[in-house]
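Enquirer: This is what each chain is made of:
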Amino acid sequence: MVPRIVIVGAGPAGVRCAEALVAAGLRPTVIDENRRDGGQIYRRQPENFTRSYATLYGTEAHRAAALHGTFDRLRDRIEYLPETLVWNVADRHVYVASGTRQRTIPFDMLALCTGAADRLMPLKGWNFAGAYSLGGAQVALKSQACAIGRQIVFAGTGALLYLVAAQYVKAGANVAAVLDTSPRSRRLAALGKLLAQPSVLYKGVALELTLRRAGVHIHTGVELHEILGSADAGVRGLSFREASGKQRQIECDAVGLGYHLRPETQLADLARCEFRFDASSRQWLPKLDPDGRTSVRGVYVAGDGARVLGANAAEASGKLAALAVLRDLGFATAWESFAEQRRALKKFERFAQGLAEAFPWPAQQAAQLPDDAVVCRCESVTAGQLRGVIEKTGACEANRAKAFSRVGMGRCQGRYCGHAAAEIIAHAAAVPIEEAGRLRGQAPVKPLPIALTEDEQ
Amino acid sequence: MMSARFVRLAETARVPVTIEVDGEPLEALQGDTLLVAVLCKLGRVRVSEFGDGNRAGFCLMGACQDCWVWTADGARLRACSTLVSEGMKIMTREPQTPWSHA
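Protein chains in written order, with the working numbering: chain A, 3 to 459; chain B, -2 to 99.
In case anyone wonders, no lab produced these hints; they're calculated from the structure. The structure presented is a predicted model; accordingly, all values stated were derived computationally and were not measured. Each hint should be verified, as a subset may be incorrect.
[Stated by the list, open to error] A few chain B residues that don't get close to chain A, going by computed Cβ distances all over 12 Å:
{"hint": "1", "residue": "7"}
{"hint": "2", "residue": "18"}
{"hint": "3", "residue": "20"}
{"hint": "4", "residue": "21"}
{"hint": "5", "residue": "22"}
{"hint": "6", "residue": "29"}
{"hint": "7", "residue": "36"}
{"hint": "8", "residue": "86"}
{"hint": "9", "residue": "90"}
[Unchecked claim] Beta-carbon label-pair distances, calculated as ranges:
{"hint": "10", "chain 1": "B", "residue 1": "93", "chain 2": "A", "residue 2": "64", "range": "26 to 36 Å"}
{"hint": "11", "chain 1": "B", "residue 1": "88", "chain 2": "A", "residue 2": "233", "range": "48 to 58 Å"}
{"hint": "12", "chain 1": "A", "residue 1": "332", "chain 2": "B", "residue 2": "7", "range": "49 to 59 Å"}
Cβ coordinates follow ideal geometry from the N, Cα and C atoms, glycine included.
So here's chain A without its partners, still in its complex pose (with noise of 0.2 Å):
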């Protein structure tokens, strides 16, 4: 019998799993939520839109047009699913959903290839119109060719501060300021680890210059106050502490905020696949083997989905998770194979963490966040709330604390407070984040229309 393999995703990761897959003569289906393939990275411009690869994707321009160049070349020899949303998994199936139609696809494999998005620390004003995620201001520019506001400034921490900061000022854009809560000296001190990958270090220096060199204020080891606005006009402005001490005030009509990138792993979840929690990002994530496998047998984990570990890093661990699936169905797979991009995967994991040693999640920014802050965006619930339903029921989980506050039970189901309340949990309750645990992924994992029709398989 031919092997029902499911690749979900269409980034780097899904794309190199894909062709490891059709290069041993199977034919994987594709499941792929965004209109076109590329993911969030190399995510493609509208077939009418003519800005060039080189401006569209700087430096990394070459691996972009590399990989949409084996998709199109794959495009016959795959079932893809482009525009489709997978919402649950269960019982070796995938429930599937387009526009209004629905249906479920069985599978003896499946690989979750499915990305990462900005992992966000609340700050009072961030439900202001006029604040977006850092990833949401770059799908703004390279999707769309505009910017978010007239005067822009990125703040947070990690390596897509400076790149989408830096993307701005190459488009054109106003880029009022950068802040960055992590301090300079923690750079110096993860060198070391940053030197696994000396080009992208190369690359991360480069920006800076970019920015300078366009008259763009840095501030690094800044402690962000609130976005400042109202709830009719949106943002206009942003006030922060200098590492010096000095307070600040700096006008601007648009916030792009992020702290670096948080894995998609609700599907992951949905399949019963173990998690573990990783002490230095201070989240949960699949427990894998160096291959991508869960503990789920016939599930894999790929990409940045898995951990974040960056685009080149996704390519190789799509390969990996493809030649494992290769070897499970029994087929003959070179140890070599392996053991290549294993050990590309090494050196991406020693560069990941000195990003996460240089510019680190801010869990204390959570403790401090005032009451009267908005930490879940999407019901308006503020820390405050949080707090008192912490202090009246002592549910110091995440999830008996959503039961009760309705943090995480909004919209987007948790992606961008759950990290966040965990941490407010954990400090209020006084107990370790770990103990806080992890919001459950629910299905559907995105809201569903309310009138879906059920395919004919």
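Once you've looked at the hints, dock chain B against the given chain A.
Expert: Here is chain B on its own, set in the frame of chain A:
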């Protein structure tokens, strides 16, 4: 209503498309997402049903669901991942449909 939020930096030679937002005509460009079309002219895409004001999307990649708009027949669209088409009519508030239609 506050002025436009997004600024077009390139790709402005595309074919114009007219859509209707809350009964008012709105000029967009072919290839725009609904979110971009609206925010290149207006300051918001919806009003929070929890009373904390105007919203203009957040993640732009279909994860946060903060950009829902509705068609005349009550279908919900994610403005960030829906492309405009000529004559498209959307509403930024959920239409009041009787329960029997749900």
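Enquirer: Take a quick look at residue 21 of chain B and tell me if its Cβ sits farther than 12 Å from every Cβ on chain A, holds or violated.
Expert: holds (19 Å)
Enquirer: Is the hinted range of 49 to 59 Å satisfied by the C-beta distance from residue 332 of chain A to residue 7 of chain B?
Expert: holds (51 Å)
Enquirer: Look at the Cβ atoms of residue 88 of chain B and residue 233 of chain A and judge whether their distance stays inside 48 to 58 Å.
Expert: For residue 88 of chain B and residue 233 of chain A the Cβ distance comes to about 21 Å; the hint is violated.
Enquirer: With respect to the beta-carbon atoms only, verify the hint that residue 93 of chain B and residue 64 of chain A lie 26 to 36 Å apart.
Expert: For residue 64 of chain A against residue 93 of chain B, whose Cβ atoms are near 53 Å apart, the range 26 to 36 Å is violated.
Enquirer: Any Cβ of chain A at or closer than 12 Å to residue 7 of chain B, or is the non-interface label fine?
Expert: violated (4 Å)
Enquirer: Would the least Cβ to Cβ distance between residue 36 of chain B and chain A come out above 12 Å?
Expert: For residue 36 of chain B, whose nearest Cβ neighbour in chain A is about 8 Å away, the distance does not exceed 12 Å, so it is violated.
Enquirer: Confirm or reject the statement that residue 90 of chain B sits farther than 12 Å, beta carbon to beta carbon, from all of chain A.
Expert: Nearest chain A Cβ is 15 Å from residue 90 of chain B, so the label holds.
Enquirer: May I ask you to check that residue 29 of chain B keeps its beta-carbon over 12 Å from the closest beta-carbon of chain A?
Expert: For residue 29 of chain B, whose nearest Cβ neighbour in chain A is about 7 Å away, the distance does not exceed 12 Å, so it is violated.
Enquirer: Is the claim that residue 20 of chain B lies outside the interface with chain A correct, judged by CB distances over 12 Å?
Expert: holds (21 Å)
Enquirer: Please settle this one: residue 18 of chain B was flagged as non-interface, so is its CB more than 12 Å from every CB on chain A?
Expert: Holds, because the least Cβ-Cβ distance between residue 18 of chain B and chain A comes to about 15 Å, which exceeds 12 Å.
Enquirer: Going by Cβ atoms, does residue 22 of chain B stay more than 12 Å from chain A at every point?
Expert: holds (20 Å)
Enquirer: Far enough from chain A: is every CB of that chain over 12 Å from the CB of residue 86 of chain B?
Expert: The claim holds: residue 86 of chain B sits with its nearest Cβ about 18 Å from chain A, beyond 12 Å.
Hint compliance for this structure: hints 1, 6, 7, 10, 11 are not met, and every other hint is.
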